[in-house]
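J.: Model the full assembly from the supplied sequences, consistent with the hints where possible.
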Amino acid sequence: MTYTRETDHGTPAAIATGKSVTLTIDGQAVTLPEGTSIMRAASLLGGSIPKLCATDSVESFGSCRLCLVEVEGRNGYPASCTTPVAEGMVVRTQTDRLKKLRRGVMELYISDHPLDCLTCGANGDCELQDQAGAVGLRDVRYGYDGATNMGQAKDQSNPYFDFDPSKCILCSRCVRACDEVQGTFALTIEGMGFDSKVSASQGEGFLGSECVSCGACVQACPTASLIEKKVVEVGTPDRAVVTTCAYCGVGCTFRAEMRGEELVRMVPWKDGKANRGHSCVKGRFAWGYAQHQDRILNPMIRASVSEPWREVSWDEAIAYTASEFRRIQAKYGTRSIGGITSSRCTNEETFLVQKLIRQGFGNNNVDTCARVCHSPTGYGLSQTFGTSAGTQDFDSVMQADVILVIGANPTDGHPVFASRMKRRLRQGAKLIVMDPRRTDLVKSPHVEADHHLPLRPGTNVAMLTAMAHVIVTEKLYDEAFIRERCDGQEFADWADFVSQPARSPEAIEPLTGVKADEVRAAARLYATGGNGAIYYGLGVTEHSQGSSTVMAIANLAMATGNVGREGVGVNPLRGQNNVQGACDMGSFPHEFSGYRHVSDTATRSLFEQAWGVTLDAEPGLRIPNMLDAATDGTFKGLFVQGEDILQSDPNTHHVAAGLAAMECVVVQDLFLNETANYAHVFLPGSTFLEKDGTFTNAERRIQRVRKVMAPLNGYADWEIVQLVANAMGLNWTYDHPSQIMDEIAALTPTFAGVHYDRLEAEGSLQWPANDAAPDGTPTMHIGGFVRGKGKFVVTDYVPTDEKTGPRFPLLLTTGRILSHYNVGAQTRRTANTAWHPEDRLEIHPSDAENRGIKEGDWVALKSRAGETTLRAQVTERVAPGVVYTTFHHPETQANVITTDYSDWATNCPEYKVTAVQVMPSNGPSDWQRDYADQAKMSRRIAPLEAAE
Amino acid sequence: MSDETEVMSTGDRLIYMANQIARNLAAQGEGEAVASTASHIAKFWDPHMRARIVALSAERPDALSPIAAQAVRAISA
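Order-wise, the sequence lines are chains F and W.
Under full-length UniProt numbering, the first sequence is numbered contiguously, ending at residue 948.
Under full-length UniProt numbering, the second sequence is numbered contiguously, ending at residue 77.
Okay, derived cross-link-like pairs now, DSS-like style, lysine-lysine, Cα gap no bigger than 30 Å in a straight line: (1) W:K43 to F:K789; (2) F:K19 to F:K430; (3) F:K443 to F:K197; (4) F:K331 to W:K43.
These aren't lab readings, by the way, just hints derived from the structure by calculation.
T.: Shown next as structure tokens:
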């Protein structure tokens, strides 16, 4: 792909009314949807009316007056961006009078704009420059000696882009992009007339303002006023490759804009069906980790974790890995080793890791990080609906009338989707937020929840059952839907259960702490407010009743008929970029790709035939079971691709003990992560920029990842797994990931129609994509559930065993923030640390005052599992009795605090409920100091011996 | 549970897990809950874990709840 800008039609597509009009533009007849602007119509005909304040990501504004046109029979010169097409209209876009008017407008702009084009960062990529050429500007009659806005100080506070007010033409595209696309409303035009100026928040620098650095303003800017620092540094790109972001489960597609092999910028792709041309600070800007100096590029081995690493050849590292795994199996048995697939790696790579384990290791000891996030989603939705995935695409939210957000903080965790949701809320959809914290969605500019249910952590099932109680006892359920689509007896049993007085909002108010009236009002709104859509996150799953909560959500959706069409549904917001795909690819120890149990003879035979081995029919070990078995001495070897279980998994002491008890831990990663402190082999991994493959996002959308540069470590991750497999005698012969996808398609019914040529042609496909659904499935369960009849499951509230008490009176809940991603391995190695240099503990002012804690104080955070220290942030975002922190920084190791309690069905850890005490502290704990010393020792790399 | 630091042994953890499954399925009624608990353990626990819980149920007959104990008996049959 050579470099061309994406076409900008000037104004967005019209809202569909089903009607069209026919008009003539410059002699060409055209028929278009009613409501289309003349500017867009001309662009769709292949023309381009000069413009500056218009761009198709925001509504038209009509301020620059450059896009004037003549319309037969109308007086004056209307702006084509704000004038809709009309039946029989005759438009001229280029006449002598228009040329003169446009030149006059352009003269005024240029009279107050620096003429430093040759040294400007946007030279050659500047719409002002283009339009000056387009209108034939040759002279500025006003001269340059009058008052100007040139010479103003640049705002270079944002680590990723500069703001130069001297180059601003006050088109307000940035302000409108912040309002309409991002929905943050951080920018404004301050001052009046000649003194007008773009301003972030109240005249603050961009970094210190409310700006979330999503990049929408930079993308919208037609000049170099807002420009990426990297473009200033490197120059404009000369080619672009469309690929998929490697951060969260939204799965934004970007144009990786390159100069040679150097990545200049990531620009959100307008045709991307997940992100529709929008981005967040991580995907847009935080990719510098790919070239970070901490990246390990050579394989390393060591006999003991107390020794320094020794750099070796790939051949030696691979041979050592294979021989160690075979040695361990010979000594301790076939089931003594296992592996963990990565939700950050591609579908193809994940498929190969589980294949290596099932085919090569000869057991089913494979698990993935979904164990600690959305495994309850897989279980709960499989039980109730018959498939382990969300029901909708992201576009569906634009048809929702009532949005119920449970245990999710999308403005931080899934920011690009949150912007779509906020847009729908600004259009009038109602919002219910069920969350212990007062997240941004509860109240932020132009968005306010109609009901916030700040429930006590651990009481989700009680709360959802109380909502069901209201819906059933007040007969707000959809009887026709239930009769047609669900099992009637199961509904009757469930309705009887939830109707009991003990499950009423009034009865559970002492448990949840939420007023019964508010619960009743929220339940009535969800049941009767039109299309009801549920979006949920890890605040649902990471509990001892995570699976029950997912099933309680599914019950609510079925009872109200909110499944099986656009605008409704049950939508898990998946955490990592490919966590959906990792689950789809057979990463769980009990099932093959496509969620088929290993004990199913027909399925197993299919794989046995394809792979030429006999496969184990018994379920394997989950991650916590592997660690238990390791401490018991029966599990001795682990292959970990692209995960950092020591930092991300609960009860760090337990994880460390398990890893330390193993004889061979192999880590394949970009960096020497925390888990690698206990590793014996390190295989350097490749970034998403360095390989081909696919990711599957939270809407089941399979999208291409495309290689834009050669892997710095020498191999893509799938090639490394193939090397290990072949060293273990498996004789794999893949030349390209497309061949792996072909194998996946052949073995997985829901992926049967997924091949690279289809993905190239369609851009993306949502599974199931097969003969029954050749173009994929944007909305699931239309006309019937995958399992047949929808299954209502009785979900009894069982309180967690993690209790507060005199020594641990507060409840800790953990999560992530906008600027960082999970364990921070990537984002900590970017300038995103400007926003979040350390984990902090959010604590309510009353709890802080009771303990003598002030903003910024060091505090000790202690649970039954362990203790750490960090600094306090005193805030009313958390309720009294609840504290919150992130887990992005290994210096804090928030998971030293979290416990072994987990979901009853899946062992997903109970990250969201830990009883703790908080007290003032002087600084890092003894454990933190010891850990830092140990990590430093463990990361030593022996100097290479000089050649003879 | 007391406020003292507690570290579960693997055996204790398996007993805890079996009881936790049983407790969450108890609302189905005893007969169905036993069958569902047994089915869950058979479907998701590896053979070594299953063998261990069967052995533990014999060693510590009071540690398992009635539903969990019946479920373990069912998978050992």
